[in-house]
Amino acid sequence: MAFAELLEDSAEDLYENAPCGYLSALLDGTIVKVNQTFLRWTGYRAEDLVGNRKFSELLSAGGRIFYETHYAPMLRMQGSVREIAVDLVCPAGGTLPVLLNAALKYNADGVPVLTRTTVFDATERRSYERELLRAKKAAEESEARAALLAETLQRSLIPPALPKIAGLDLAASYRPAGLGDQVGGDFYDVFETASNDWAVTLGDVCGKGPEAATVTALARHTVRAAAMRGRRPSRILNTLNEALLLQRAERFCTVAYARLQRVHSRWRVTLTSGGHPLPIHVTADGVAATGRPGDLIGVHDHPELHDTRMELRPRETLVFYTDGVTEARSGNEFYGEDRLLRVLRAASGGSAAEIVDAVSTEVVEFQDGMTRDDLALLAVQAAAL
Amino acid sequence: MLSMAEVLERNNVTVGGRVDGQPMVFAHGFGCDQNMWRFVTPAFEDRYRIVLFDHVGSGHSDWKAYDPTRYGTLAGYATDVLEIVRALDLRDVIFVGHSVSSMIGALAAMEEPDRFASLVMVGPSPRYIDEGDYVGGFSREDIEGLLDSLDSNYLGWSNTMAPVIMGNADRPQLGAELTASFCRADPEIARHFARVTFLSDNRSDLGRISVPTLILQCSDDVIAPKVVGEYVRDSIPGSELTMMQATGHCPNLSAPDETVAAIQRFLDAPRDRV
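Line by line, the protein sequences give chains B and W.
As numbered in the numbering used here, residues 53 to 437 make up the first sequence, in order.
As numbered in the numbering used here, residues 7 to 280 make up the second sequence, in order.
In short, the hints are calculated from the structure, not lab data.
Fair warning: this is a prediction, and the values are worked out from it, not measured in the lab.
Don't take every hint at face value.
To be verified - Derived DEER-like restraints, expressed as beta-carbon distance ranges: (1) 49(W) - 200(B): 43 to 49 angstroms; (2) 136(W) - 201(B): 42 to 48 angstroms; (3) 175(B) - 240(W): 42 to 48 angstroms; (4) 225(W) - 175(B): 46 to 52 angstroms; (5) 140(W) - 109(B): 21 to 27 angstroms; (6) 8(W) - 182(B): 38 to 44 angstroms.
To be verified - Computed footprint of chain W on chain B, listed as stretches where at least three residues anywhere in the stretch have a Cβ under 8 angstroms from a Cβ of chain W: (7) 76-86; (8) 120-127.
For each residue, glycine too, the CB sits at the ideal point set by N, CA and C.
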C-alpha cells in the first residue's frame with residue numbers, strides 16, 4: 053500500500069486547503085496572507101485582499117464597530133480571542149456568517165507583529181443560534197403571560213372586597229405561597245342568602261396549579277348555589293361533596309362553613325366543618341376552637357358532618373383559617389395551634405382587621421417572610437351595641 | 007445617597023500612583039473596562055494620582071446597580087463620575103476619557119467645572135449617526151447591525167469568556183490577574199449601553215466646555231473618523247487636536263507609547279490655570 057502517498061507532508065496544501073479559512077494580517081489590520089478556502093468561501097481574490105484591504109473592512113458596518121470596541125482590544129489585551137461571531141461581506145453581495153479565532157504572533161522581543169485568524173463558516177450554527185434565541189425570547193414571554201394569568205385567576209377566586217354587613221365587622225387576609233406565581237388552593241367567600249342571613253365559607257383544596265384552581269372555583273360556586281336552596285350548613289357541604297365526586301376531580305378539599313343569622317341585635321351562628329380546622333371563637337374571656345370536626349369533602353360518598361349552634365355576642369369574633377397558618381414552618385418547628393390561640397388571645401380586644409393582621413404578621417415572620425403554603429384568614433366580629 | 011464606600015464599590019474604583027499627585031481619572035469606553043489603560047497609566051504613576059473605574063455594567067462594577075432609567079442617557083454615567091470625584095474629594099482632575107467616555111467626562115466637567123483642570127478625549131465623537139451635513143460615520147442601519155452583532159455574541163459572552171491568558175513566555179508582564187473578565191459585560195446591559203452610546207447626540211454640549219481639552223485622533227478610526235475629531239476640536243473653544251500615527255480606535259492599547267507621549271506633552275504645556 054502506498055501509505056507514504058497518503059501522508060500529508062505538503063504544508064502548503066494543508067494550509068491552502070484546510071477545512072477552515074486562514075488569514076494573517078498586520079497589526080493595523082492589513083491582510084498579508086490568506087488561504088484558498090477563505091477565498092473560495094467569500095469569493096474574494098487574493099490580489100484584492102493581500103496588501104490592499106484591512107480585515108475589518110470585510111465586516112459589515114455593525115461588525116466593524118464590534119471589531120473596534122471589543123474584538124481588537126481583547127486581542128491586544130489577551131493575545132487571543134475565540135469564537136467571535138461576525139458577518140463577512142462578500143464581493144458579490146451577501147454576507148457570510150463566520151466564527152473567528154485569532155491569536156497574536158510575537159517576535160523575539162515579545163512584541164506582537166501579526167494577527168493570525170481562523171475562520172469557520174457558521175451559516176448553519178448561526179441559524180441554529182438565532183432560532184435558540186428566538187425560542188428563548190418566546191419562552192420568556194410565555195412565562196410572563198402565564199404568571200399574569202395565574203395572578204388574574206387568583207384574583208378572581210378571592211372576593212376582592214368583603215361585603216359591608218350591618219352589625220358585623222369583617223376582615224380577611226390571603227397570602228399565596230411563595231412568589232405567588234402559582235394559583236393556590238385556598239379560598240373564602242362571604243355572601244348573603246336572605247335578608248339578615250349570611251354565609252361565610254373558607255376552604256382549602258389540596259394542591260396548587262390549574263387543576264386545583266378549577267376545583268377551587270367549583271367549590272366556591274357550588275357552595276353559593278347550594279346555599280341559595282337550603283340553609284343547613286351540613287347539607288350544603290354534602291352537596292359540594294356530591295359535586296366533587298361527580299366531577300371526578302380526584303381532589304378533595306377541606307371546608308369550614310358558617311351560617312350567620314341576625315336575630316334582633318344578636319348573631320345566631322350555625323357551623324360545620326368538613327375536615328377543616330375548626331374556627332376559633334375569640335371572646336374577652338378566652339379563646340377556643342368551636343364546632344365538631346367532620347370528614348374531608350370529595351372523598352366519601354356520605355361524609356360525616358355536624359352542625360353546631362352558637363351565638364356570636366357583641367365584640368366576639370369567629371376566626372377561620374387554613375392550615376397554611378398552623379403548619380407554617382420555621383426549621384423543624386410548626387407554628388401550631390397553641391401559638392395561634394396565644395396571638396388571638398392577645399389581640400382579642402381589637403377589631404377584625406387588627407386580629408387578622410396580628411396573626412398574619414406573626415405567621416409570616418415565623419417563616420422568615422417566605423410562605424410555603426397558601427395562607428388564608430377570615431375574621432367575623434359582631435359589632436358592639 | 008450612597009456612601010463613599012458604596013460609590014467606590016459600585017464602580018470598582020482603584021486608586022494608585024502618587025498619593026499627593028494631581029489626580030488623573032481614566033474612563034474606559036464602550037466594550038471594555040479599566041484594564042484597557044494598563045499600558046498607559048504606568049507612565050504617569052510617579053507624578054500623578056491614578057484613578058481608574060468601571061462603568062456600571064462593565065468589568066467588575068456592580069452590575070446589579072444598573073438602572074436602565076438612570077443609565078438611559080450619558081448624563082447618568084456623568085453623575086457616577088461626579089460621585090466618584092466627590093467621594094475621593096478630587097480637585098484639579100485631569101479626566102482622560104476613551105470614546106464615549108470623552109462625552110461623559112465633558113458632561114461631568116460642565117456640571118462641576120471647579121473640580122476639573124483639563125479633559126483628554128481619546129477618539130471622541132459627539133454623534134455617531136450621520137444627519138444632514140453632519141458626518142458621524144454611521145447610518146441607523148449600521149447601528150442596528152451592531153446590536154445584532156452583540157446579540158450574536160450573546161451566547162458566547164454570557165458564559166464567561168473562556169479564559170484566554172496566553173501563558174506566553176514572551177509576555178510575562180501580562181500577569182495572571184488579567185483574566186477573561188476583560189471586555190465581559192452583562193449582555194443586556196451591553197445592549198442598552200450600545201444603544202445609549204450610539205444614539206447619543208452631544209453636539210450642542212461641546213460649546214459649553216470651559217476646561218482645556220486635548221483630542222487624540224487616530225488615523226483610520228472607523229468609530230471616530232478624522233472629520234469627527236476635527237468637528238469636536240472646532241466646537242470646543244480653545245481645544246487642540248493631535249493626529250496620531252496609530253490606527254484603529256484604541257491607541258491606548260495599540261500604541262500606548264504614542265498615547266502617553268501625546269498626553270504628557272499636553273499636560274506639560276504651559277497653561278493659565280484658573
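Hint check:
no.	hint	result
1	49(W) - 200(B): 43 to 49 angstroms	57 angstroms, violated
2	136(W) - 201(B): 42 to 48 angstroms	46 angstroms, holds
3	175(B) - 240(W): 42 to 48 angstroms	46 angstroms, holds
4	225(W) - 175(B): 46 to 52 angstroms	35 angstroms, violated
5	140(W) - 109(B): 21 to 27 angstroms	23 angstroms, holds
6	8(W) - 182(B): 38 to 44 angstroms	40 angstroms, holds
7	76-86	holds (count 3)
8	120-127	holds (count 6)
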